[in-house]
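Heads up: the protein sequence lines correspond to chains F and B, in order. Residue numbers for the first sequence follow the numbering used here, so the first one is 56 and each next one is one higher. Residue numbers for the second sequence follow the numbering used here, so the first one is 962 and each next one is one higher.
One or more of the hints may lead you astray.
Unchecked claim - Straight-line distance between alpha carbons at most 25 Å, and here's what the computed SDA-like set of lysine to any residue pairs gives: (1) F:K677 to F:D658; (2) F:K754 to F:Q768; (3) B:K1055 to F:Q768; (4) F:K699 to F:T687; (5) F:K103 to F:S62; (6) B:K1055 to F:V528; (7) F:K60 to F:I363; (8) F:K665 to F:G613; (9) F:K742 to F:G613; (10) B:K1055 to F:M903; (11) B:K1097 to F:A533; (12) B:K1053 to F:M903; (13) F:K586 to F:Q768; (14) B:K1055 to F:A908; (15) B:K1114 to F:G521; (16) B:K1114 to F:V528.
No lab work stands behind these hints, which were simulated from the structure alone.
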Amino acid sequence: MTVFKTSRRNFFAHKGRMALSAVAVMLSVAFVCGTLVFTDTMNTTFDKLFATTSSDVTVSPKAASTDDTPQSGRPESLPASLIDRTEKADGVKSAEGAVSSMNVTVVNSDNKNVGASNGAPTIAGNWTKNDLRSMEITAGHAPRGPTEAMVDADTADKHHLKMGDELRTIAVTGDFKAKIVGIATFKVTNPGAAIVYYDTATAQRELLGSTGRFTQINVTAAAGVTHTQLKANVSTVLTGSDEALKVQTQKELSDENQEGIGEFMNVIKYAMLGFAGIAFLVGIFLIINTFSMLVAQRTREIGLMRAIGSSRKQVNRSVLVEALFLGIVGSVLGVAAGVGIAIGLMKLMSAAGMHLSTADLTVKTVTPVIGLVLGVVVTVLAAYLPARRAGKVSPMAALRDAGTPADGKAGWIRGLIGLVLTGSGVAALFTAAGADKASDGALMLGAGVVLSLIGFVIIGPLLAGGVVRALSVVLLRAFGPVGRLAERNALRNPRRTGATGAALMIGLALVACLSVVGSSMVASATEELDKSVGTDFIIEGNQRIVPQAQKAIEDTPGMAHVTSYKMVEAKLTSPDGKTEDGDVTAADPTYASDLRRETIAGDLSAAYGKNAMSVGSLYAKKHGVQVGDTVTVAFKGGQSAKLKVAAITDDDTALDKGSRYLNVTTLEQYVPADKMPPNDMMFATAKDGQEKTAYTALKKSLDPYPQYQVRDQTDYKQQLKDQIGQLLNMVYGLLALAIIVAVLGVVNTLALSVVERTREIGLMRAIGLSRRQMRRMIRLESVVIALFGALLGLGLGMGWGATAHRLLALEGLKVLDIPWPTIIGVFIGSAFVGLFAALVPAFRAGRMNVLNAIATD
Amino acid sequence: MTSAVTIPRHGGTGERTAVAARARQVVKAYGSGETRVVALDQVDVDIARGRFTAIMGPSGSGKSTLMHCLAGLDTVSSGQIYLDETEITGLKDKKLTQLRRDRIGFIFQAYNLLPTLNALENITLPMDIAGRKPDKGWLSQVVETVGLASRLKHRPNQLSGGQQQRVAVARALAARPEIIFGDEPTGNLDSRAGAEVLGFLRRSVDELGQTMVMVTHDPVAASYADRVLYLADGRIVDEMFKPTADAVLDRMKDFDARGRTS
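Put together the whole structure using the sequences plus the hints.
Spelled out as structure tokens, the structure:
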């Protein structure tokens, strides 16, 4: 009890010194809780949406799946006759045919896509009674003829659509136009899909290409009939139909829908939790440092406690109890802040066009529990070492002159352990770099990263001496005696400098590693594009290229040739009798010059001959396929074909790795027109000297089809760069959290050092160090600690990056590109981080009253 | 016994007066109204140049406050303090810091040295801060005087208490300040080490012509001075020239007795 009381008094007596540690715990816990609340809220939103949009029982073609666009670009459908059969089942109140397609693009009269820009789908379909479950018509009326359409209110708002505006729907079956006659508003939150309704006949004709078919049947139960009963009854009446069907209850369908989203949500969730973990790791350093310094400053007091009879255990426990307070305070604040972060994320998503409502905010009981437990456990564990040290303080310390705590020297055992770990980490990285298979290397890379990180953390204090001295020679000496004082201060407690720098090191190592990998990827891809791409223009988009757009491309003047490129799923049987699933690329023969591929055997142009194909070297090696062998290819939605292997392409590449080529005309022999996949991409090559006008003309031809982008090689490379850059920026953004915590650590170390050196500061001021010089001294110390962390982090990260690049090289990304501007920028940025961290401590040191400082006991 | 060496002043400003520092009607009060405590009550004092002055008095007499005010470490409530001809009362922190750096030396009771710097670096610190090059000849003379030549590369924690205080004396002397203030400079030392340090202070006055002001409550320490000022309740109540330890002790007893009876 007394232990508890003294701990509590200590905690509140030092609340200022605890504040930054509490903030670190809070940030980490907040990030974890924020992630959980955010993903749970997303799940709730989708749950509600799917639950209200699904009818009691739904009948749909077996092949239909929620996340996969069908090969032909037309949704799978079932005949209208099944509705009558379904209606005859017991317990059916009503059965209604619905048409819906996600493989469409809807544009306004200015050819602007009204769909979401963030990946949420555009859904076109017929307006049914089932839709009334989730929506209500808030303006106009439901569509009643071939020229009428209705849109959802969110989309109308976002794109300023009004009644009477004309919409053009682009489907694989063709374009059609309709005027808006109604606007329907969601009664639940719609996260972002754009929805357009037509009357049933129009939807069937334009989206499915045939009347008398539907994509699903929505069945409503009669009063008192459960969904499961209804499902059984419907299944019974439908058995024996020659269609492959699936019958699902509301729950089953919404679960299936949820599953598709769930995977995506899990990726987000675990990625964000990963970053929270990094922040926690950095926070641990901060907590260890804080408690070490508090214990050091309290040595005399602890000695007194020991002298008057406290046991080691009690002293030890008293420090841990303080950590417990810190953990609880930090975690409680963190849980609250986590909800704030979740709301902030939702707002951010809204800005990015994703609609989420705070009404759906979901805080599960488990969320605060996880946050609290995590925060408290981590804090107490981190405080364990300093607590043990406190326990070892001898009663004599009370009698001894406390003065400035003795310089903590890093022990040789510590150095040995650190060296062994670093050594094995480096060895693992070398092994990874020399691996023949990426999968083997990845494991070694992971081990190497973890080992070298821990090793660096442990030998950090040993490195602090050399690195800080080296940095000082370059940077601090210019500042004369003030620089020298700063250098000595940074060196006086290597363990503290090491731990403070290590916190920053972790975040920056990851930044360096990823920037090396990212820029190597861009450089490799660019080189590969330069080397192999012969075509002038690349056309692609988020909808496969519909025939009418394909025609527009082909009709563009000034082209030497235009190449179709489509992928089709198939089962391949090699001469050794083995069958495996694999994609086949069907292209025009001109593709061989659009993308030049090295061949190991045979002639690639021959692969575009009748009943011929090419295979990749990996496949050929695996199955012992030689030029002249026959491979049986069973095309999805078509027949089997026996194709002669005319060429084997070299798979040591990043572009089209493993692709098997055949001519589009070959594919047409085996796959009927209505199952034929649209082009995935197209390539166009201008006539000599007409590149500029051709590019403009091509863009103009595609004006009515905004879902497709035309890029010449320069733009294509730029886009590639932008995409990787964007991804990196997101990761950097998340790493910023770890860096913020590390900066808090620097602030904390400096603030506590200033308190610890009160007397020295007073002395220096008395003998004539000006305020400015005092502040500069502290700033310089901060800068040198930050740069120490940066140097270690960047070095380590570049090592990781270079190793990771060796693995990527096995996948064909061969160029190692170290982004020096980024690395140097981060290094210089760290100096500013140091300056920033020193702001408050330096100000306080400068303001310190000289007399009080001297008088401090 | 007196050496010909006098303090060569840098940037000398004309005629030197016999008074190195003076206080005129200095009042230092803390708090206000009912809780007002007067630490210095209209003190007038002249510190003679090239002399060793000791300030004595019982605890709470204001002796440390007087020294802090004279040294520009503390501000006064009213009155003026002059260092040579410069009025330091009313100077801004920046000027005051510069003044302390260039014209005043300090020796505190303890913690005089920066633990991260070795002895020599500690000695030259005020000049380093000012960006001045120490005068090599003068420096070695100072180092010689305090007998530290063999210990210049040692860190403070490798030196004994007496040695540390001698480094502090050397630091105070090295910058050739107009005046050195000592706040119980031997308070933390045993009598032998104390005598050693006091001897150096005395020699620096005699041989180097240094002006020295020292606050102490130790009659033996005070006996090293040329003049002893007695403070009680914030006023200067007495003074003694050419004191001996016994005389000082008697005077102190006398004060104590008077304090008790009044």
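Against the structure, the hints come out as follows:
1. F:K677 to F:D658: holds (20 Å)
2. F:K754 to F:Q768: Measuring from Cα to Cα gives roughly 14 Å; hence the hint holds.
3. B:K1055 to F:Q768: violated (63 Å)
4. F:K699 to F:T687: holds (9 Å)
5. F:K103 to F:S62: violated (49 Å)
6. B:K1055 to F:V528: violated (29 Å)
7. F:K60 to F:I363: holds (16 Å)
8. F:K665 to F:G613: Judged against 25 Å, a Cα distance of about 29 Å means the pair is violated.
9. F:K742 to F:G613: Distance of about 6 Å is within 25 Å: holds.
10. B:K1055 to F:M903: holds (14 Å)
11. B:K1097 to F:A533: holds (23 Å)
12. B:K1053 to F:M903: Status holds; Cα separation ~15 Å.
13. F:K586 to F:Q768: holds (12 Å)
14. B:K1055 to F:A908: holds (18 Å)
15. B:K1114 to F:G521: holds (21 Å)
16. B:K1114 to F:V528: holds (20 Å)
In summary, the structure is inconsistent with hints 3, 5, 6, 8 from the numbered list given earlier, while agreeing with the others.
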